[in-house]
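The listed protein sequences correspond, in order, to chains G and V.
Heads up, the first sequence is in this note's numbering, so the first residue is 1 and it goes up one at a time.
Heads up, the second sequence is in this note's numbering, so the first residue is 1 and it goes up one at a time.
Keep in mind the hints are simulated off the structure, nothing from the lab.
Each hint should be verified, as a subset may be incorrect.
Computed beta-carbon distance windows for the label pairs [unchecked claim]: (1) R290(G) x D249(V): 21 to 27 Å; (2) K203(G) x A143(V): 43 to 49 Å; (3) D41(G) x D207(V): 40 to 46 Å; (4) G58(V) x T295(G): 45 to 51 Å; (5) E144(V) x D207(G): 22 to 28 Å; (6) L269(V) x R290(G): 35 to 41 Å; (7) M274(V) x E46(G): 53 to 59 Å.
Listed next, the stretches of chain V that the computed footprint assigns to chain G, with coverage defined by at least 3 CB atoms under 8 Å from CB atoms of chain G [said to hold, decoys possible]: (8) 50-58; (9) 72-85; (10) 94-104; (11) 175-187; (12) 260-267.
Virtual Cβ for every residue (Gly too), placed ideally from N, Cα, C.
Number of protein chains: 2
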Amino acid sequence: MSDSKSVAVIGLGSMGYGVAQSCIRAGLTTYGHDVAPGPVDRLRAEGGAAGTLAEAAGSLDAVVVVVLNAAQTEAVLFGPDGVVPRLRPGAVVLGCATVAPDFARAMAERCAGHGVLFLDAPISGGAARAAQGTLSVLASGTAEAFAAARPVLDAMAETVFELGEAAGAGSAMKAVNQLLAGVHIAAMAEAMALGMTQGIAPKTFLDVIRHCAGTSWMLENRAPHVIDGDYSPKSQIAIWPKDLGLVLDIARSASFGAPLAAAAMQQYLAAAGMGLAREDDAAVIKVYARNAGLTLPGETE
Amino acid sequence: MSDSKSVAVIGLGSMGYGVAQSCIRAGLTTYGHDVAPGPVDRLRAEGGAAGTLAEAAGSLDAVVVVVLNAAQTEAVLFGPDGVVPRLRPGAVVLGCATVAPDFARAMAERCAGHGVLFLDAPISGGAARAAQGTLSVLASGTAEAFAAARPVLDAMAETVFELGEAAGAGSAMKAVNQLLAGVHIAAMAEAMALGMTQGIAPKTFLDVIRHCAGTSWMLENRAPHVIDGDYSPKSQIAIWPKDLGLVLDIARSASFGAPLAAAAMQQYLAAAGMGLAREDDAAVIKVYARNAGLTLPGETE
């Protein structure tokens, strides 16, 4: 045994795999766990630790949960094979899925019941930054949870926002970011398609708008996908009914009217209904194009 | 008479006055015209040319129209005291108001009937950049119109986007930019206010989101107004029922559904209905705050 800290990354999708790679690169003893065997084997070949999660659990310093949603988070932490009851006291769980603030608070309480620390730690930045270890983490939790999570945070993140001592604040900030991101992608699509009805080519749209007050981070990131006709998923349409659904659930609980989030949600639902759930989220423009009879770049008339 | 080009700037509001100042600084003989005498006198004191628009018209090389909308543009060009019939052939009109593409095309045709050139030239960048001569101009028109307008464009703009040989393209791009800008301001307000219901302070919201994928140019520009509780108008709420109204008119003419623009429009109309038309457009957050019972920075509970 070395002095190296031990971490398990649960969920080796595009984000989780990159987090695990970053942990290996930072010198942490890194166990990967996923329902699919492929990425687990691949991670081991890249320097991941041998042994199953069940075998390793008692020796872990930290568990990073990078699954899709609250239900999966709860299952891997407290389900029939849940990891939390097997962790040593003082180990820390980093919850990275986009979840409701209430859910994050509940996870923190249940972890505390096992003597385990919990950091509410949703992530932002995409797969490329996950692999580079330069994510943004929107984190909240006790000072003890931050301290225990520090080696992992140092490995995976360029920026850690410390948003308070209670779980929930991190998830609330993530929801707010997703509201904006989801609205901005749909607004990009709406504006680009409206421009097409007026004879503005998508490339001209981007060349001009990126220098104007109408620009956004998402516009500059996603508009090239439309221009290239490339809807291979960097981030899927399917993310948005989930994440904007969460935003609208939080808003409803707070009796908060969120008309832009609600309008954007309808466009992503329509995209999913068109069979585009697995395409890149820039494909939301296909909803507008279909409705307006427009031919997008890469399509044949 | 010197070799200096002569230009009249019609409409000396916050944008037009800055354009006129930039023309003076660039060495153009610059006449200012406005329905209000105050800014006209002030411009003369800053180096503007003496003499009325009527007296100067026959000697002008260019006329820059920086009024509020299409109706005012038509009035100053072709109304009872309209300037176009008094211009010499080959003079150029720069139409800078945010108008419908069809209206810009109609103005170009009517100018052509008088031997006058027309550049569809809506502007972006705000009052500060107007005064510095660093606006963005979204321009379209004939090569002759661009050539005739060049000394004025050089004086007023940092960037001139040349969007085609026909009037209308510039105005279409401006409408597309306004769709995005209007949606992004309302989205900033919606997200910041939702965050407040979850305990996220407005300053924390900005500090975090500006580093995340949810950011936009408008968010970074307008959120500080809310944080400072400063709604002195850099750009008024009243702009948006006008500009998003134009966007929705263009969309309707094209049978194009624009649900985000429509949703944002309702929030600006509600703000105007609350009596906020003359406040800074960041005040759209007051609609959200009122509905959710939130106390904004600078307000007393």
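Structure-based check of each hint:
1. R290(G) x D249(V): 21 to 27 Å: holds (22 Å)
2. K203(G) x A143(V): 43 to 49 Å: violated (22 Å)
3. D41(G) x D207(V): 40 to 46 Å: holds (41 Å)
4. G58(V) x T295(G): 45 to 51 Å: holds (49 Å)
5. E144(V) x D207(G): 22 to 28 Å: holds (24 Å)
6. L269(V) x R290(G): 35 to 41 Å: violated (29 Å)
7. M274(V) x E46(G): 53 to 59 Å: holds (58 Å)
8. 50-58: Violated - the stretch 50-58 of chain V has 0 residues with a Cβ nearer than 8 Å to chain G, which falls short of three.
9. 72-85: violated (count 0)
10. 94-104: Check failed, 1 qualifying residues.
11. 175-187: holds (count 11)
12. 260-267: This one holds; 7 residues, not fewer than the three required, reach chain G with a Cβ under 8 Å.
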